[in-house]
Each structure stands twice: as structure tokens, then as C-alpha cells.
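Kindly produce the complete structure, drawing on both the sequences and the hints.
Spelled out from the first residue to the last, the chains are:
Protein chains: 6
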Amino acid sequence: MFMHNKRLQYTVRVSEPNPVLASLMLEQFGGADGELAAAMRYFTQGLGELDAGRKDLLLDIATEELSHLEVIGSIVAMLNKGAKAQLAEAAMEEAELYLSMTAGGNSHTQSLLFGGGPSLTNSSGVPWTAAYIDSRGDPTCDMRSNIAAESRAKIVYERLINITDDPGIKDALGFLMTREIAHQKSFEKALYAIEDNFPSGKLPGIEKFANIYVNTSQGEGDTDGPWNTGDQWVRIDDLDQTMPIDDGDGTASVTLAKNDAAVADKLAARTASDPESDPETGVDLGAGPGAGPITGEDLGGAEDIKDAAKMADAP
Amino acid sequence: MFMHNKRLQYTVRVSEPNPVLASLMLEQFGGADGELAAAMRYFTQGLGELDAGRKDLLLDIATEELSHLEVIGSIVAMLNKGAKAQLAEAAMEEAELYLSMTAGGNSHTQSLLFGGGPSLTNSSGVPWTAAYIDSRGDPTCDMRSNIAAESRAKIVYERLINITDDPGIKDALGFLMTREIAHQKSFEKALYAIEDNFPSGKLPGIEKFANIYVNTSQGEGDTDGPWNTGDQWVRIDDLDQTMPIDDGDGTASVTLAKNDAAVADKLAARTASDPESDPETGVDLGAGPGAGPITGEDLGGAEDIKDAAKMADAP
Amino acid sequence: MFMHNKRLQYTVRVSEPNPVLASLMLEQFGGADGELAAAMRYFTQGLGELDAGRKDLLLDIATEELSHLEVIGSIVAMLNKGAKAQLAEAAMEEAELYLSMTAGGNSHTQSLLFGGGPSLTNSSGVPWTAAYIDSRGDPTCDMRSNIAAESRAKIVYERLINITDDPGIKDALGFLMTREIAHQKSFEKALYAIEDNFPSGKLPGIEKFANIYVNTSQGEGDTDGPWNTGDQWVRIDDLDQTMPIDDGDGTASVTLAKNDAAVADKLAARTASDPESDPETGVDLGAGPGAGPITGEDLGGAEDIKDAAKMADAP
Amino acid sequence: MFMHNKRLQYTVRVSEPNPVLASLMLEQFGGADGELAAAMRYFTQGLGELDAGRKDLLLDIATEELSHLEVIGSIVAMLNKGAKAQLAEAAMEEAELYLSMTAGGNSHTQSLLFGGGPSLTNSSGVPWTAAYIDSRGDPTCDMRSNIAAESRAKIVYERLINITDDPGIKDALGFLMTREIAHQKSFEKALYAIEDNFPSGKLPGIEKFANIYVNTSQGEGDTDGPWNTGDQWVRIDDLDQTMPIDDGDGTASVTLAKNDAAVADKLAARTASDPESDPETGVDLGAGPGAGPITGEDLGGAEDIKDAAKMADAP
Amino acid sequence: MFMHNKRLQYTVRVSEPNPVLASLMLEQFGGADGELAAAMRYFTQGLGELDAGRKDLLLDIATEELSHLEVIGSIVAMLNKGAKAQLAEAAMEEAELYLSMTAGGNSHTQSLLFGGGPSLTNSSGVPWTAAYIDSRGDPTCDMRSNIAAESRAKIVYERLINITDDPGIKDALGFLMTREIAHQKSFEKALYAIEDNFPSGKLPGIEKFANIYVNTSQGEGDTDGPWNTGDQWVRIDDLDQTMPIDDGDGTASVTLAKNDAAVADKLAARTASDPESDPETGVDLGAGPGAGPITGEDLGGAEDIKDAAKMADAP
Amino acid sequence: MFMHNKRLQYTVRVSEPNPVLASLMLEQFGGADGELAAAMRYFTQGLGELDAGRKDLLLDIATEELSHLEVIGSIVAMLNKGAKAQLAEAAMEEAELYLSMTAGGNSHTQSLLFGGGPSLTNSSGVPWTAAYIDSRGDPTCDMRSNIAAESRAKIVYERLINITDDPGIKDALGFLMTREIAHQKSFEKALYAIEDNFPSGKLPGIEKFANIYVNTSQGEGDTDGPWNTGDQWVRIDDLDQTMPIDDGDGTASVTLAKNDAAVADKLAARTASDPESDPETGVDLGAGPGAGPITGEDLGGAEDIKDAAKMADAP
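Chains as they are written, first to last, in the UniProt record's numbering: chain A, 1 to 315; chain B, 1 to 315; chain C, 1 to 315; chain D, 1 to 315; chain E, 1 to 315; chain F, 1 to 315.
It should be emphasised that the hints constitute simulated quantities derived from the structure, not laboratory data. Careful: at least some of the hints might be erroneous.
A pair holds if it fits inside one copy or across any two, identical chains being indistinguishable in the list.
Pairs of lysine-lysine, PhoX-like flavour, derived with a Cα cap of 20 Å [said to hold, decoys possible]:
hint: 1; residue 1: Lys6; residue 2: Lys55
hint: 2; residue 1: Lys258; residue 2: Lys6
hint: 3; residue 1: Lys258; residue 2: Lys55
hint: 4; residue 1: Lys55; residue 2: Lys266
hint: 5; residue 1: Lys6; residue 2: Lys202
hint: 6; residue 1: Lys202; residue 2: Lys266
What follows is the structure, encoded as C-alpha cells:
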């Protein structure tokens, strides 16, 4: 059961309205790493959690994130307070209102559609979606997802701090940013308080595949590091020789029942392409007489381009 | 530059078609933790990465995930091969086709809309969205997100293995699951190969807020653990006394220019609610004569419910 | 600031697990009229509200809806408790797990992706989206939207009650349903406590257009009612004669600067269609020799169909 | 069956092109309260309606809204006519075109992706989604949703009028805005022409829960009003004492079959957290030597912040 | 199986950073006609394809599109390189960073959320969705969809070329644009290499309905062309006389079982509207005393508006 | 301006209710290739069209598609008529209603959320999105997109016909399917009535890149066909030798201003990975003692898997 106290967790003092800044702040209100995403990630995990300790932790932090949602939403509301009133009362000339709404960011939609209220969208106006929530019902996954989410929320707050020079907003954002650090610490403790937390789930991996590093991207820039080199890694560089990695031929097949096989053949025959054909096509019908080539020059003085002959020579 | 070899990384041998199972497998094709999400997470990070080592790592794994997308997609295609042909050729009676398509899962949409081809949806038919991608352009965030994503992909493969008894599919899923374990290991190495990786970003937190644990969820079930107890934590239990955590009064305010303030007052006055009123409402107009109460009994034999008097007594 | 007490607002007693029923209950957890939508609708309104009374009301009900989110989510968690454990521990045979997951509804995704935890999706697995939230920052709009939303939430609970015979679930749903009724009553009071609440906003309508009823759908079934008949309505039946309703000619035009006009002409000329042509098309290239007509009979014994001659006779 | 007359319901005269204004107008073309949303809300209701009168009403207004979609879309097309041609013919310098496309709002996407045609997106470029449609197949819900939707559409038109000084556009918007007022009136009549329209659906609420007001948000700002005070309300202020509101203990439980219970225990044991542990974590591995605190000063001259001691003193 | 070579298909030389231009380029990275959409359209088709020739073609082009995704993503990364560093290191004043991020387009979200990395969104920040993918598992549909998609991708590249004056970017875009032309040619060949490719699927149409043109939009502007005139078309102008086109009465009906019919009657009766009523409504309760009409003048000098009498005269 | 006649374009006679079939029919009501998508594709093109002939064509077909939306929606309403009434009146036992709602497909959501009314979702319950609309404001693109869309709509109707044995539904679907064929023919005529329709747009391609076929997918299955072989193609098989196709080195670069370059270096240094390190990681902390390998046998009897030695031998 939730209860609410009208005091905020952190006092919000905004120096002056700024709807464009408000629309940027939405990133942490209705954005992918914002406070609603955080609250709902932990809340949904908490409801399904079997372990008393983690359940308590998840509900504690979920509840705190709701309080942070309120803090950031209050910042947005304060930054929009002037624009909201001006538009509702039409107290400025049309042209002035138009200019104030198209000054940058996505503040136009905030004014037009949401009337200056804080909306659950990100800074581009994209509505919040539960697709942001990656709760999976396995505690070692979920704790890792929470750790990552806290580290992401931290960096977005840092970026918001870097673009704000209103001291009251900076203060509140500094508080919110720091709490993400504290939450990450808690989730790290909770992860490692599970004795056997790697790999996630119950099923171990197949040993011979667990230590392979497949060097799929090659050429200048191939680099060694502890992630692909050392005692615990077998690196595969020659994919042509080693793949497929099983004993098969690398194809996909299915055993069809007789009836299915016959019908599949019928379908294949009906839709077969004729490799010997050279059909007239829509392109032939539609390429007008003026369809000449453009040259590098047409494109604005670009430098000399590799000769077409080179391609023609390719085997 | 990408190149493709028609051999799969792992051979796919499916025993018999099963469109319902195919629709479940889509979770790892077009689902939130599926292979497209993995490939695109690492690929977008790799393009923006400044560090040669991590760039190489990200492109290696992104490319491998594309190969895994091909493996899981090939499993889907094989499981759907019979249904695809039967529907295209209408070789069964209408009623049979209808029954085969409504046998469970979301295979009906797979057949109707996608014609049995592998679609970039999850197992409920929800189209893949880049909202699943949490690349943030900060390597310590991104490596943590990748670690978490790999642990999630691992568990979904484990669940798919648990519901499949086709040995060829189990084999291929076992390979794919194990590769997620290997990738997690690589991303862990890459995270800790950054000397100062906590907290993410550059800005440190405000010290006094970094060690506080706010016990927002109270009552039976409150639990101690390393995430809220011990030397590094200051736990706040009495929120009423300690919040707001700053020196302010816990309200939100903004300094409005004179003109804005006047207009805001005008708006407030125009839309004020009258607390003294007892207005007739739409409910009064619309509650018909038959709107009696239902009792617990009406709801199907539910047990006695707390007396309303109790509520009336509440202060 | 939010606080949480581990007791639920209403005790949840579930008779036995039922993952399919759980997936239906999600409609009120992560669905369009579910508790998150309700909580967020009121919370976002409350943050931007200027009137003390409505602000208090909105935060009261927003907070209560979060508690209801917890109740319905707990029902889901209990209904899924068995399936969650069976899948995580793989304690049943693969085939049994497969059957239990494809027994109906969308429980397969709940198990596969969310591991039996309550997910913020609707009963079809569609992730919750803030597109459901219709807060507009004008109190007479917002109160009307809230009234409508409560009436919708009520009916969805009624439908869930109608398909459940577990007495403990029925009890809890009955409580939740009734609270929506109470909330509707509060929002009705709040709407009519604003003296001048119609139309929304500040700008009155243009009188002559405000009382017109345009009878755009005609034919058998045209019906009179208080919504289009009586002293306050002027009904337009002959659209051809009365439209456009202004003095213009019903076209759309814009005054282009000379340069724009010249370029627009150039574009029109370049992409003009030749009405006199009878071009060969892709259809001509592609219609194979076997493309004969199907008859009503081919479609399965359908009845006689209007003669093509009739169409040919049409002027 | 729909028919179309090339005359608009209202003549559109635009003074000069303005792609940024066009992108704002999209809010009523492809936005949440725009004309497509309106048309589709009523059309889907009309198709399923059993009452002849409401069915006629719904189809009348749905059809009119399609005509309004045409009017607002024509305004957009006229405002974009110059930009469309200039970009298609590349008749300006690259730099000029670039500047004209990044002058504000979301006109860049309108030009790049939609080529200046009216797109079914809102003013932020978010594609229209049927998630906006709240038809529920119960007429008392649906009429209330329609009333609310009309009041919202009215306010968005009002806001667009307030930012436009083109007289022809203002005229057309004034007409469209007023029609929403007329529609609201019709839907109100249709709602109250149902004798027993509250609560929605058939099932009455549980009497003792229908008159309770739960004062969940407390502190300075608690306000009385007709929505929580008076004869018809029992207000609960002391949640701790009165909740859960039933006779239970406020927990959630389910009766598991023996087998399920055993497996659930196994899962709990396997993933238990050890509350006594103080595990080393990723944070310990990753916090570099330079991770010092930031002070309020670092954040840009913010005022003095509550002493950490205060928190440490909390019980 | 995919492999990657660190060389790009086309060298990317960017003259100087420009985050706003970067955000426009995203249209072809994560937009509807962008390279990911292309790659995934062909890849999903290729996996399910039965014809060896088309399968090879689809995988060839899918793979090339991934390489193009890399090229366009690299352009984005280069254009963002300065902004990414400046924000991460906070090396500029807050106000400067704020200004640089709100200079136009959607670059603010690119910086805030994605940290300057290329994101899978379009130029408005809308996340890529698999709803863009229209693979249907029928080769004649799919080839037509591919042809159309290539023609769309071509035009978006053309528009990007038209707004760019950086020669290196123009070069690379010119290459990418031209490749779409080549791909369209290949897909045209593949379509017409299927002997019987029209209509799609196997079922022919009903002959008498296949040649009708229904002239549903009438009035000034009705135009003849090869699409509705000539030997192969029977045009219907008088819809009232010819519709429904079958022998029925143009209604919708279903045969209900007795029980269903009785219940449907009960529902209809319960929710019937009373056409004779003239109910008081919420509007009557809420229209305040000041709700006077606005005139054309209020709307800013609009011209005279058609007299209301005209409407009143309508039959 | 739209008008509506209550007669349908085609009479709908449904034999008996079937909510599961109804939910499948939604694919053409609110699905990607459904009638709303068609109507809106042509309507949005028509509004922006400069050519009188195409504008007329587009509005004709858009309007007809709205009439088809009504036909398919009426089929859905009839199929749901019984379920709608039964659930609204709760005239069956809870258990019966539960069973009827979970009988397959997505009919549960149709009943729960939409009350049996036709909803703008596809057959999986995914809400319709304007992301389906690919209008681009260039007529040669748009006509091609329309041709493709009609061919897709045709195949989905064919699939629906194949699973239905209700003769009245088959009749109506046969009509709708055939109209898509007719529309495709019209759009083909309109495309080729533009003299110069290939490539789309105005800018020609760069000649030397327009005729290259890049054979990116190699290995068994490489196939020749008119799409990659013949006089008009230069095929590139050796990518390593010929790529990048320009004269550059295949890298991406940008010229940074001095200040930007310095900051970028600082960022790179701060977040550099140490390739020489072998850091302890979270995996080391978390891999429990029981994390042994699984064998093929654990996975359920899978066949022998390629020896790990093979991988170890890889260079």
C-alpha cells in the first residue's frame, strides 16, 4: 500500500521558466532511463520475488523512485508554469506565442498537447513504453539489469546537470544523480549475496562453447584484450574452416510428413524463378529518356572516385 | 563491411514442423532479448566507440549475433515450413487450416500476416522496437547493459530449452545459450579493463547522499541485508522527520516574471474549484433507480467482508 | 514523497495457480484502462495543477491507484507462482511444460519472457504505453477524461469478475471495481465545482456552428433523438447544397511566392500523369496464362451474386 | 458505404507557406486528439452498437470527422506546398534547404520522410496509434469517453488558434473547434438518454466501498471539497489503522499443490540471498582512485545543503 | 553466417562535426526506409524462401544493406564526435552546451540519451519498429514490396543529398542512393522471373469485380485516365443505384442461437437510448454564464462568414 | 467532404458467431495491410498530390477502402455479437465465459478490453500504427508502394478465405480480395502514365555504381539469375580486393576543430581499456562452485557434438 506526503524528497527551486529546458528534463521523467522506468522495473520485480530480502529492497527503491519521479516532474511543471498560463489565457500575441513554442527542443508538443503539464514522454516526445522494462523474473538477471539501469540513469542526470546553470535545478539533479549511485551499490550487494549468480538461471552452459571467442570482425583494428586473449579463451580466427562449429553441414532442414512435402514442392514449383529468363520489367517500362548518370561533380565537387574499370575487373 | 557465408554457425536439424513452437522461438528472433536486439545493441555502440579494443570487441560480437539471428530464424522457418505450404496452396479443408492456426500461441498471426516466414516480433506478436536498445554512449554504462542483456538472453534460451524435446533444436539452443555466457564473460572483462568504471560518467556523486538507504517500504517484511546495513550505509527509517533531505520545505516553486505571474493568477482564478459547493453532477443525472449495492454473495460466495462501520470510525 | 506499507489495501487470497487467468488479469495491470494508466493519468495532472483542491484530490487518487496496481499485480503473481517455479527449475518434462504454456491466452509470453512475474502489458502482451494517458493540462478536459477513464476501468473489472470463479479473486476485484465508482463520483464533483466548465478552455465557439447537426450518414436507419432534434439543433440533411458551410468554394489554396510557384509548377510538370496514355504496366508483364476468374462456387457454395451487367449499366 | 465530394466542408485559404506551422497543425491530423482518432473512435463504436439511435449518431459524427481530417490535412498540405517543391526540385542551395528544414518544430522529418505531404503523426513526429482509441463496447463508457475526447480536441484547436495569425487558418480552425463543442453536446444527450447510465456496465458496486474517500496524500495542502467531504463520503485518514480494508492481513497468498510448493521452495532456496554476507561487488572492483565527492559548489554555486549529520542521526 | 571486415564499403570523410545534420541522417539509419529496415526486410524473406535463386539474391542484398547501415552510421558518428566529447567531458559552459543541443532537429535527444552514438531512431527520435517490415512470405508480394522500398530509400537519400554541402558526405550518400537503384533493378528482374506473378497468391479474383472502377469521389476535379477509363474498366458513377454490388440489402446480419439472441435483446433493452427524452446533461450543469459566442472578429479579422440562416434553411 | 450511406458496399451474412474467427479477421481491419492502412495511405497521398488525375484516383480508392473497412468491421461485429452480449449480461457461468474467451486466437482481449466491438488491432492484438503508412510525397515511390500494398492485402484476404467455411463471409472476402486486384491495376496504370518514372525522384544515380551486383553472400547456394547476371550487371565476387569501392581506405573520419580534438582525446584517455590487464570481474565473484558444464546428454539425448579440440586447433 502506498501513501503520499505532500513534501518532496528534495526541495525544488527554479529560477525562471524555460519550456525548452523542461522538454529536455522529460528524458528522466518519461524517458527510457527515467524515474518511471526505474520505479516500474523494481516494482514488477518486487511483486514476483520469492526472497524476503530482495523483495524488501525492491519495494524500498521502487517507492523512492516514485518520489524522484515527483521531483523531476515538479521541475518540469515549474519550468513550464509561465508558458502554460500564457497559452491558456492567450495573453500574448499569436506571433509571440508561436515564437515561444518553436524556440527549440520539443516544447511545442508539450504546450500544444499537454498544456504545459509534465508528460510521460522522452525529450523527443516519444511516449513512455513498458518495452523499456527488462524484468525477467530471474534474480541474477534482474539484479544485473538494475545495476546497468542505475548506471545509465546516472549518466543521463550527469548530462542534464552539464547543460543547466540554474543552481536550484542543479542541486536537485545532483541529489537525484547521487541516489542512482547509491541504488547501484545496493543492487550490486544483492547480486553478490546470491551465492551462485553466474551464469543466470539454472542450466550451465556447454563447456566447449563457453570459452570460445569468435573473431568475426577482421582487418585493421583487430585488437587483443582480456576479453579475447589469455588462458580462458580459445580464439577462432578462421571462420571458413571452423564453422559450423558442430559436426553438421551448416544447413537448416526439417523432416516434413509426406503430405507436407508434396505441398511444399507444389508451392516451390508455382513460385519458382526462372534463372534463364531475361524478363522485361517495370524498370524497362519506366526509365525515361532523360535518365542520365550524375557525376561526382554533380554531387558538389567531390574528389575523384575510383574508376569503374576496377569493378569491372573483379573476378 | 559485412559478408555472408551460406553455412550457418550451427547446423539446424528439426524433427517435424510445429508452428506453435515456432511462435515461441520468435522470442529470441524478434523479442526484447533476442538476437536482433543483441546485434543492434553492440553494433550501435561499436560505431561510436573511441577505444580500439572495445570497438573490435563490439563489432566481433555484433557480427556473431547476426549469425545467431540466422540460426534461430532458420529454426523458425523449418518449424513453419509445412504450415506455410499448406496455407499457400490451400491444400487442406478450410476447417482444418482454421484449427491448425488456432492451436495455441500466436501462430495464427505468423501464418496470416507473415505467411510462415520468420517475423521480427516477440512470442506475442509484438513488433521489435529499438526501444529495447539501451546503448548510451558511455562505455561503463554500455558494458553493464551488455552484461545484463547477455544474462537475460541466457535465461530465455534456458526456458526455450526447457519446453522443447526436439533434440536438434535443443542442440542448437544449447549452443546459442552458451555463447551468451561467453559474451557476458567478454563484456565483464571489458568493463573492468577500464580502470575507473564506477560510477558511470565523469561526475562523482554528492558524498552525503551516496551512502544513504531510504527505507521507504515498511511493515512486516522489513529485512536487513548487505544492501542496506553495515558500515557503508546510513539508513533512514523515519521519513517524516528527515525529508526533505535538503534544508528546504519540500515544495516546488519557480520565480515568475511579473507578467507571467499575473497571467498564472488569472488562469488559476478562471479554473478554480469551489470547495464550498456541492454541485449536482453527471452521476446524479445518471444513476438509475435500480442501482443497488452488490454484496459479497453477489460476487459468488465470498467470505464476510470487514464492516463498513470500521471505516466510518476512522478519524 | 511516496511511502509504502507492506500490507496490501485489500488481502489477496488465490485458490490455485492459473497462468492463463493471470494473463487475462494483466488487462488491469498493464492495460489501457489498468491501474498504472490511472495512477499516471492523475499523477501527471496533479503535478501541473494550480488549484489546491484538485491537486490534493489528484494525488490522493493517484496514490490509491498505485496501491491497486499492487493488489492486481499480486493476484497475477500468485496465479503464476506455480508456473514460474516449474519453468525455472525445469521440474516437469519438456512436453508438459510446453503444454502448460500453450493452454490459451498469452501466458506463454508471460512465462518465457517475464518468468512468471507480472509484466506491464495488456492481456495480449502489448507493452503499456503512455499513449494511453490523455492528460491535457486543462482541468475541465482532464476531469472529463478521468470520469470516462474510471467508467472504463469499472467495466473491465466487471468483465474480469464475470469470468472468474475463485472467490478470493472475485472479492478483491469487487473491491477494486467499486473504488473506480467512488473515484468517478469524486471527479464528477471536481468537474462541476468549476463554475464555468463548458466548453473546455477559454475560447467560446462560433455560435452559428455550435448548434448544427450534420446528418452525414443517411439511408435506412436514420434516427431522431435528443442529440440531433429539438429546439437547440439545426439539422443539415442536404450536404450537397449547404457545404462548404462558409462562403468559399470548398477548395484549399495557398498564396505562393513567385519563386515557390515556379518551382511547384516545375515539379507538377515533371511528375504529371498523361491521362491520354494507355501504358503497358507490370500487370501486363506478370499476369500468367492461368489467371482465370474464380466463381462464387470456387468460394464454397456461396449464393448467386448480382450480375455483372448491372454494374456495366451504371452511368 | 462512404462517398466523397471534392468540396471541403470548410474552405481553406492559407496566406503563405510555413512548414513549421504545418508540423504543429499535425497535432490535429495524426495526434492523440486529432481527427483520425475521433473518426475511428466513433466508427468502431458505431459498427458494434446495438441501439439504432446511437448507431446513427456515431456514424454521422464519424463521417463528419473524416471531413474534418480532410480540412486540417489540406491546411497542412498548403503550408508545406512551397517546401515540398523546393526540396523535390532542389531549386535552392543545399545550405538554404538545410536551414529551411531545421527552423523549428519537426518540419525536418515532414520534409525528409514525407516529402511535404501530411503525415499521420503528431506534432513531435510520433506515428498515430490505435492505442489512442478507447472504445470499450459499453455505451455509457463510450459516451463518456467521447464527451471527454471532444473536450480535449476543443482545447487543442484553441491552442492552435492562439498561435496562428493567418486569418484563413484561424477561420477554419474556429469552425473545427466549434464542431467539437457541438459534438460534445450530442454525446451528452446520448449518454443521458440512457436511463440508468451510472455506474457503467451492469454490476453495481459494493456499497460500503463506494462512499469511502481514502486520504492517501497528506501534509500541508490537504484540502476539503465536495469530492471528499459531505454526507455521501466516509473519509479515511488513518491508513495504518484501517488498511487492509477487509478482514484479512493484507498479504497475498495462493494455495499451491504439493508438487508446485516443493518446486517453489527449491527455486527460493537456489536463489536465496544471504543477508549475513558482505560480498565484494562489481563496485568494489570498479571504483577508481579518483572517485571523490562533488560538493554543492561543484554543481555551480548552489546554496548550502542540509548537513549529512542530520541523516546519520535518523533512527 | 556473417563476417565483418573493418573497412567500410565506402570511405567516409566528414568535413566537420554537425550534430543537427547527424540527426537528419538518422532517417536512413533507424528510419522507416533506412538501412536496417532494408536489411531486415530481405533477411527475413531470405530465411523463409524456398527458391534457391531468390534466396541467394535476398541474402546478398540483405548483407549489403548491413554494410550500408555501417556507412550511414559512421557518418552519424563522425558528425557527432565533437558534441559527444564536449558533453561527456563537460568541457564547455553549461549555457554553451545547452545552446549547442537545442540548435534544431532532434539532436538534443541524440546527445542526452544516446551520448552522441548513432541511435536506431528516425530523424524525429522515433525508435525503429519492425512494423516497418512488410515481408509477407509470398514472393510476388515481397518482390513488389522490395521494389517499392528501394524506390523510397532512393528518394530519402536524394533529399539528404539536397540538404548537404559537405562533399565527403555527398559522395557517400550518392553511392548509397545509387545502390538502391541497382537493388530495385534486381528485384524487378526477380519479380518478372516468376512466370505468373499477378495477382499475388494463388486464388484468382472474381472476374466481374476485377474490372470495376468505383467513382466514390465526385465533384469538380473528377478526371479520366488510364486507371479508370478504357476497354478494361467498367466505371460506377451512381453508387446509390448500384450498391450494394451483390443481390443483398447492404445490411450486416448474423444468425444467433436462441440463447444468444435472448441475451442480446436483454443487453439492447438495458442500454437503449430513449429518443423521446430531452435529458438534462453535463453541459447544462456546466456551461457558465459567460459562455458567449466568438465572432469572426475575435478570431483575428477573418472575413465574413456564411450566414447561419443558410444552414437553418437546409431541409 | 465525406458522406455515408447506411447500406454496405457488400452485404454481410454471417452464419453463426465465432469470436476466435473474429479476432483473425481483425488482420484486415486494424492490421498492417488492412483497410484502414489502405485508406490512410491513399488519403494522405491524395491531399498532397499536385496532379489532378492522380489526386482523383487516390481519393476514389481511399474512399472505397473506408467502405471496405466498414464491411470487414461488420463481419467482426457479427462474429462477436453473441460473445458481447453473454459477457455484458453475465448470462453464462463464470467458468463457461472463461472457457469461451480462452478458446484460441486473441479473442480474450477482444472481449475483455473491447467488449466485442471491432478494434483497430491486428490478429495478435497489436494496435494499428501509422508506421504502416509509407506515403513519401513522390508519386513514383507512392504508386509503387500502393501496388505492393494492394498485392499484400490481396494475399491476406486469400489466407482468410482459406480458413473460413462460412459461405457468406467467403463471399464478402472474395469481393474485398478482388477489389485489391482492381486497385493494383489502377495504380500500375497511374505509375506508367508518368513518362519518366524510374528511378524515383529527380536525381539520377552514379552510373558506375548502378550496374554493380555485390555478391556478399557466398558458398553453396550461390545462384545466377537475371538479377545478377547478363549484360547489364558487373558482379563483384571478391569483396576483399574491391572494397571500399572508392579510392579511400575504407575508414571513417572527421576533421575536428582543435578544441574538439583535445576534448575527444581526453574522453578517450579517461575511458580507455587496458588491453594488458586481466581484471577480476563480476563473473569471478559470482560463478558458484556448482557451475559445471552440461553435456549434450543433459540437453536430452542430442547427438554427438563436434570435438572441442577442433576449435582449440583453430589459429
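Evaluated hints:
1. Lys6 / Lys55: between (26 Å within a copy, 10 Å between copies)
2. Lys258 / Lys6: So Lys258 and Lys6 fail the 20 Å test inside a copy (71 Å) and across (27 Å) alike.
3. Lys258 / Lys55: neither (54 Å within a copy, 24 Å between copies)
4. Lys55 / Lys266: Only across copies: Lys55 and Lys266 sit 17 Å apart there, 57 Å inside one copy, limit 20 Å.
5. Lys6 / Lys202: neither (45 Å within a copy, 30 Å between copies)
6. Lys202 / Lys266: Cα proximity of Lys202 and Lys266: across copies only (11 Å, versus 45 Å in one copy).
Of the numbered hints listed earlier, those contradicted by the structure are 2, 3 and 5.
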